[in-house]
Amino acid sequence: MSDKLSVNFAGVDFKNPVIPASGAFGYGREYENFYPLSNLGGISVKGTTGTKRNGNLPPRIAETPSGMLNSVGLQNPGIDHFIKIELPNLKTKDTVIIANIAGSTADEYREIAEKLENTDVDMIEVNISCPNVKAGGAAFGVTCEGAASITKIVRAATRKPVMMKLSPNVTNIAEIAKAVEAEGADAVSLINTLLGMKIDIKTRRPVLHNNVGGLSGPAVFPVAVRMVWQVSNAVKIPVCGMGGISRWQDVVEMMMAGAQVVQIGAAMFSDPFAPLKIIEGLENYVSENDLNNLQEIVGTVIPW
Amino acid sequence: MSDKLSVNFAGVDFKNPVIPASGAFGYGREYENFYPLSNLGGISVKGTTGTKRNGNLPPRIAETPSGMLNSVGLQNPGIDHFIKIELPNLKTKDTVIIANIAGSTADEYREIAEKLENTDVDMIEVNISCPNVKAGGAAFGVTCEGAASITKIVRAATRKPVMMKLSPNVTNIAEIAKAVEAEGADAVSLINTLLGMKIDIKTRRPVLHNNVGGLSGPAVFPVAVRMVWQVSNAVKIPVCGMGGISRWQDVVEMMMAGAQVVQIGAAMFSDPFAPLKIIEGLENYVSENDLNNLQEIVGTVIPW
Amino acid sequence: MKYTQGRYIILSKKTLAKEIYDMTILCPEIAEIAKAGQFVNVKVNGFTLRRPISICSIDREKGTLRIVFEVRGEGTKEMSQIAEGELIDIVAPLGGRGFKVDQFETAVIIGGGIGTPPMLAVAEKFGEKGTVISGFRNAAAVILQEDFKAAGAETILCTDDGSAGKKGFVTDALKEVLSRKKPEVIFACGPDVMLRRVIEIAKENNIKCQVSLEERMGCGVGACLVCACRTIRNGDEYYAHVCKDGPVFNAEEVLFDER
Amino acid sequence: MKYTQGRYIILSKKTLAKEIYDMTILCPEIAEIAKAGQFVNVKVNGFTLRRPISICSIDREKGTLRIVFEVRGEGTKEMSQIAEGELIDIVAPLGGRGFKVDQFETAVIIGGGIGTPPMLAVAEKFGEKGTVISGFRNAAAVILQEDFKAAGAETILCTDDGSAGKKGFVTDALKEVLSRKKPEVIFACGPDVMLRRVIEIAKENNIKCQVSLEERMGCGVGACLVCACRTIRNGDEYYAHVCKDGPVFNAEEVLFDER
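For the protein sequence lines, the chains are A, B, C and D, in the order given. When you line the first sequence up against the working numbering, it's residues -1 to 302, in that order. When you line the second sequence up against the working numbering, it's residues -1 to 302, in that order. When you line the third sequence up against the working numbering, it's residues 40 to 298, in that order. When you line the fourth sequence up against the working numbering, it's residues 40 to 298, in that order.
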């Protein structure tokens, strides 16, 4: 593999811009049964909270046209378990480790960030946009004030690169990106899932026990590209693009819209090898287009 | 056709709840070449403005996974032409005629509403959510104040039933629905299109000349169902549901979520007979489920 | 553990009953390591998610897996269109825990409806030491009886309406069997209501019991955490995941949701 | 005007050149009323939008339409998979204005690349009174020459690299033809750059000219207004729609966008 896909994103060196998305990849153990994790640019781990969470009642998933709804609700073993058990294992995998964190309160975010400060985690992704939890989650992510307040608290608690994960369920995502940039965020990642619902017309019950859930998959890709384009034009900090990417062409499109790196989620459910196939496709794209580095295409879309 | 699909929506009698959506059906002349318009519950005509508009430069459409983006930008012959030429023709078709109106300024909305007041139009749908025009359009639709102000002006200008068409590109659509209800709207219709973007990676240009456009089609259906459910739980006025409906099952789902009537858009592009097939499917559903009237299922979803 | 994803040829395809299909897939490296109770995750053109299908039978000599599935929706409908001789894209073998059969000599093996196919691979392990009880709505829905007999098992058939075998539920047949012999273990797969009752009866008779559960899945390997099921793990409630922690669980672990 | 939507059998399917397919569809009621320059809108499984394909030839006796299309993306790729003997779902005949041929005796008929197929139906109207000029990238891309000859037309072939026919553009050949005969009308379909030049030459020589335009379409019948093209209508600029107001326009109506 050449280094033409390498990128320094928010001060962290990635061998390539392809990162399995938080929530789709657990803590990496399962996908190791398919391929070595060292092939990946990085890993954004399962959203981790201050203490163990069981998540929502099942069913937690529903299929939709070119997409899916999920309502896992941040099931995770808690930050201490992550630091003690999962992180040491992940750090042996020769790839960038991004700790994705979430909390019900500002204090919980602070405590988690403090606990991570003296670990080997390369970067912290702060989830202020989980649509599937009652307290916290999206509550913070849908207002500039809320997003700014969590950014400020995490920023004060750590010197590690901080990436704020933004919600698409807002009127003006660019304003929220500016708000977190102003409080010292090193990067933003978007989009989290769009809030959706599916009803079983035979039982008249929502398919998801949580009633509503987060929509992801190719269906949302055009919304993600639009938001990445708006945000990358509104802030100076780098953007991690995600939302419905399933092919290398989608990554190129997302990067032309302004993303420096990307995350892959639902695509792995239908093809566990999607990240590797995408990386291979990007390698070919770089050579066929005589690029010195894939980053040359970032933000190169020419609006009419 | 039985009358088991009939519904009185916002004071207007519809023979069935299936309405071709504004923008997908012009002023009805084209689809008459396929079937008599009298089969339809009603017609929401092409968004009409105070004066003739040319709309945006082409290309105005892009295909996406299970959806499409459009950026027509309200091309229309103007309200006078509609009243003089199109309305008289439409009124001979034995179906409910809904005038869909849009303006760049509050005054433009008022003038159009006043001109329609003494016509045979059955209902006015006020588009405050067009994502494809610079002035007005979504600008009014994304804040409670803006939506309320247009509602107030139109309400004062006409005694005809007024239905406000809401934008999904907002943080809290239920709040906006409440705001228009408070100003006297008789109904709300949702969702308009989600703002999206597609880039041609070969040319590095947005596929749409308007750069961004409105996403519709099955891809957005789960978002539409969620918003219809939230809005119908937040207001007392009836809801017209739309957004990605392509099969009779989708109509049943949308009605269980809280919609009394529905609009069909993109589905007609792949199957011009979609509205008729959906009506037939609903007829069968009503008889197979021994319903006296399809309205019995409205809002019957049982949340967990 | 090793997961394989690949496209394999369908050597034969049959229809066993209305909307119930039977496919034999040539995939030696998977057949080599697959165990009773595990499943394959099938890619279906035009759908976001794969369809998890339990393994019905494993033939290491021939290097084949047999799957039997019912058309329940558009996805399985599309899947049923894949023809003999065509390739099917599967990820397998999945399921962190299949049926634990090795430490047992005798077993009662219970299948309800479309929960019956995975029990064949179990029956084939026990041969004459196994008693198979399977239940169906009616005669038209009955499948796999000859296969169970060929496996050497005592084979008891029940139908809700009595149009084939005994009239009644598998749980009635189970009580009858237990009145005359006491197996070391009971294996079961089927609707929740059936599993609950089987677990009760096993408990009453103090017999070990393993059940295979079902839940909507995402990744199928345990990463996305959507296929949660409530279980008891070292005393406290834990949301296990059917794809990775199961699909087979010991009866004492399972907590059924009130649905 | 009557639009028909239905599924019709593909009587024959051929490959004319790399990625260029030729299908003959049995659809008597459509063939009966279809005109040169009109198109059919083809449904493609798994895609939201139909694919508009120009009609290449119309056989009223046999009740068939012939379409020749190029694989440009995933949609047309999928469309090219539909096999001979299978059904194709089309809406047709679409296009409010085809080529107006009736009032003319003699014509020069110009096709550029994949813009060539619709010109066959025109050539078949003029027989020996027609002169067909078609241009392609190279010999490998050349299609329909025998059909044009069979229609009776004087047939002039051009390729950009001279690997077949004359080296050069159709516009060079057009000038050559006009130097020896003056047709009543020029019909053309092809890339914008070609059409612009053809229109200029027609104007210089004071010859009527009709061109067939292309734009991304939605409904295909004129309701959704997406396939807009800038035209002059009674003096002022008007966004006409290719599907309903065209696809054929008189040269003097057309305003090309600066793209």
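These are calculated hints, taken from the structure and not from any lab test. Check each hint, because a few of them may be wrong.
To be verified - Cβ-Cβ distance ranges computed for the label pairs, FRET-style:
{"no.": "1", "chain 1": "C", "residue 1": "Ser202", "chain 2": "A", "residue 2": "Glu278", "range": "38 to 46 angstroms"}
{"no.": "2", "chain 1": "D", "residue 1": "Lys242", "chain 2": "A", "residue 2": "Asp1", "range": "53 to 61 angstroms"}
{"no.": "3", "chain 1": "A", "residue 1": "Arg202", "chain 2": "C", "residue 2": "Glu243", "range": "30 to 38 angstroms"}
{"no.": "4", "chain 1": "A", "residue 1": "Glu30", "chain 2": "D", "residue 2": "Lys116", "range": "34 to 42 angstroms"}
{"no.": "5", "chain 1": "C", "residue 1": "Ala203", "chain 2": "A", "residue 2": "Asn87", "range": "48 to 56 angstroms"}
{"no.": "6", "chain 1": "A", "residue 1": "Asn291", "chain 2": "C", "residue 2": "Leu65", "range": "22 to 30 angstroms"}
Stated by the list, open to error - Think about it this way: if two alpha-carbon atoms lie no more than 27 angstroms apart in a straight line, the pair counts; the simulated DSS-like pairs of lysine-lysine are:
{"no.": "7", "chain 1": "A", "residue 1": "Lys13", "chain 2": "B", "residue 2": "Lys200"}
{"no.": "8", "chain 1": "C", "residue 1": "Lys82", "chain 2": "D", "residue 2": "Lys116"}
{"no.": "9", "chain 1": "D", "residue 1": "Lys116", "chain 2": "D", "residue 2": "Lys164"}
{"no.": "10", "chain 1": "C", "residue 1": "Lys82", "chain 2": "A", "residue 2": "Lys82"}
{"no.": "11", "chain 1": "D", "residue 1": "Lys57", "chain 2": "C", "residue 2": "Lys116"}
{"no.": "12", "chain 1": "B", "residue 1": "Lys275", "chain 2": "D", "residue 2": "Lys57"}
{"no.": "13", "chain 1": "C", "residue 1": "Lys52", "chain 2": "A", "residue 2": "Lys13"}
{"no.": "14", "chain 1": "B", "residue 1": "Lys89", "chain 2": "B", "residue 2": "Lys2"}
{"no.": "15", "chain 1": "D", "residue 1": "Lys41", "chain 2": "B", "residue 2": "Lys91"}
{"no.": "16", "chain 1": "B", "residue 1": "Lys275", "chain 2": "C", "residue 2": "Lys82"}
{"no.": "17", "chain 1": "D", "residue 1": "Lys82", "chain 2": "A", "residue 2": "Lys275"}
{"no.": "18", "chain 1": "D", "residue 1": "Lys205", "chain 2": "D", "residue 2": "Lys247"}
{"no.": "19", "chain 1": "C", "residue 1": "Lys116", "chain 2": "A", "residue 2": "Lys200"}
{"no.": "20", "chain 1": "A", "residue 1": "Lys200", "chain 2": "B", "residue 2": "Lys89"}
{"no.": "21", "chain 1": "A", "residue 1": "Lys275", "chain 2": "C", "residue 2": "Lys57"}
{"no.": "22", "chain 1": "C", "residue 1": "Lys41", "chain 2": "A", "residue 2": "Lys200"}
{"no.": "23", "chain 1": "D", "residue 1": "Lys116", "chain 2": "B", "residue 2": "Lys200"}
{"no.": "24", "chain 1": "B", "residue 1": "Lys200", "chain 2": "A", "residue 2": "Lys200"}
{"no.": "25", "chain 1": "C", "residue 1": "Lys82", "chain 2": "D", "residue 2": "Lys57"}
{"no.": "26", "chain 1": "A", "residue 1": "Lys176", "chain 2": "A", "residue 2": "Lys150"}
{"no.": "27", "chain 1": "A", "residue 1": "Lys200", "chain 2": "B", "residue 2": "Lys275"}
{"no.": "28", "chain 1": "A", "residue 1": "Lys2", "chain 2": "B", "residue 2": "Lys200"}
{"no.": "29", "chain 1": "D", "residue 1": "Lys41", "chain 2": "B", "residue 2": "Lys13"}
{"no.": "30", "chain 1": "D", "residue 1": "Lys82", "chain 2": "B", "residue 2": "Lys89"}
{"no.": "31", "chain 1": "C", "residue 1": "Lys116", "chain 2": "D", "residue 2": "Lys82"}
{"no.": "32", "chain 1": "C", "residue 1": "Lys41", "chain 2": "A", "residue 2": "Lys89"}
{"no.": "33", "chain 1": "D", "residue 1": "Lys41", "chain 2": "B", "residue 2": "Lys275"}
{"no.": "34", "chain 1": "A", "residue 1": "Lys275", "chain 2": "B", "residue 2": "Lys200"}
{"no.": "35", "chain 1": "C", "residue 1": "Lys57", "chain 2": "A", "residue 2": "Lys150"}
{"no.": "36", "chain 1": "B", "residue 1": "Lys200", "chain 2": "D", "residue 2": "Lys41"}
{"no.": "37", "chain 1": "B", "residue 1": "Lys200", "chain 2": "D", "residue 2": "Lys214"}
{"no.": "38", "chain 1": "C", "residue 1": "Lys82", "chain 2": "A", "residue 2": "Lys275"}
Computed from a predicted model, the values in this text were never measured in an experiment. Even glycine gets a Cβ: it sits at the ideal position worked out from N, Cα and C.
### Query
Does the Cβ-Cβ separation between glutamate 30 of chain A and lysine 116 of chain D fall within 34 to 42 angstroms?
Between glutamate 30 of chain A and lysine 116 of chain D, where Cβ atoms are some 35 angstroms apart, the hint holds.
### Task
Starting from the hint 22 to 30 angstroms, judge whether the C-beta atoms of asparagine 291 of chain A and leucine 65 of chain C obey it.
Violated, at about 44 angstroms.
### Message
Check whether the Cα positions of lysine 176 of chain A and lysine 150 of chain A lie no farther apart than 27 angstroms.
### Response
holds (13 angstroms)
### Message
So if I understand the rule, the pair passes when the alpha-carbon distance is 27 angstroms or less; does lysine 41 of chain D with lysine 13 of chain B pass?
### Response
Cα-Cα ~26 angstroms, so holds.
#### Entry: Restraint check for lysine 52 of chain C with lysine 13 of chain A, where alpha carbons must lie at most 27 angstroms apart
violated (46 angstroms)
### Message
Just to be careful, I want the Cα atoms of lysine 116 of chain C and lysine 200 of chain A compared with a cutoff of 27 angstroms; is the pair within it?
### Response
Between lysine 116 of chain C and lysine 200 of chain A the Cα gap is close to 18 angstroms, so the pair holds against 27 angstroms.
### Query
Are the Cα positions of lysine 275 of chain A and lysine 200 of chain B separated by 27 angstroms at most?
holds (20 angstroms)
### Query
Is lysine 275 of chain B close enough to lysine 57 of chain D, meaning Cα to Cα at most 27 angstroms?
Violated: lysine 275 of chain B and lysine 57 of chain D sit about 39 angstroms apart, past 27 angstroms.
### Task
Quickly compare the C-alpha distance for lysine 41 of chain D and lysine 275 of chain B to 27 angstroms and report which way the hint goes.
holds (19 angstroms)
### Query
Do serine 202 of chain C and glutamate 278 of chain A keep their Cβ atoms within the hinted range of 38 to 46 angstroms?
Once the Cβ atoms are compared, 56 angstroms apart, the range 38 to 46 angstroms for glutamate 278 of chain A and serine 202 of chain C is violated.
#### Entry: Distance restraint between lysine 205 of chain D and lysine 247 of chain D, which requires alpha-carbon spacing of 27 angstroms or less
Judged against 27 angstroms, a Cα distance of about 26 angstroms means the pair holds.
### Query
Taking 27 angstroms as the top limit, are the C-alpha atoms of lysine 89 of chain B and lysine 2 of chain B close enough?
The given pair, whose Cα atoms are some 24 angstroms apart, holds under the 27 angstroms limit.
Against the hints set out earlier in the document, violations occur for numbers 1, 6, 9, 10, 11, 12, 13, 16, 17, 20, 21, 22, 24, 25, 30, 35, 36, 37.
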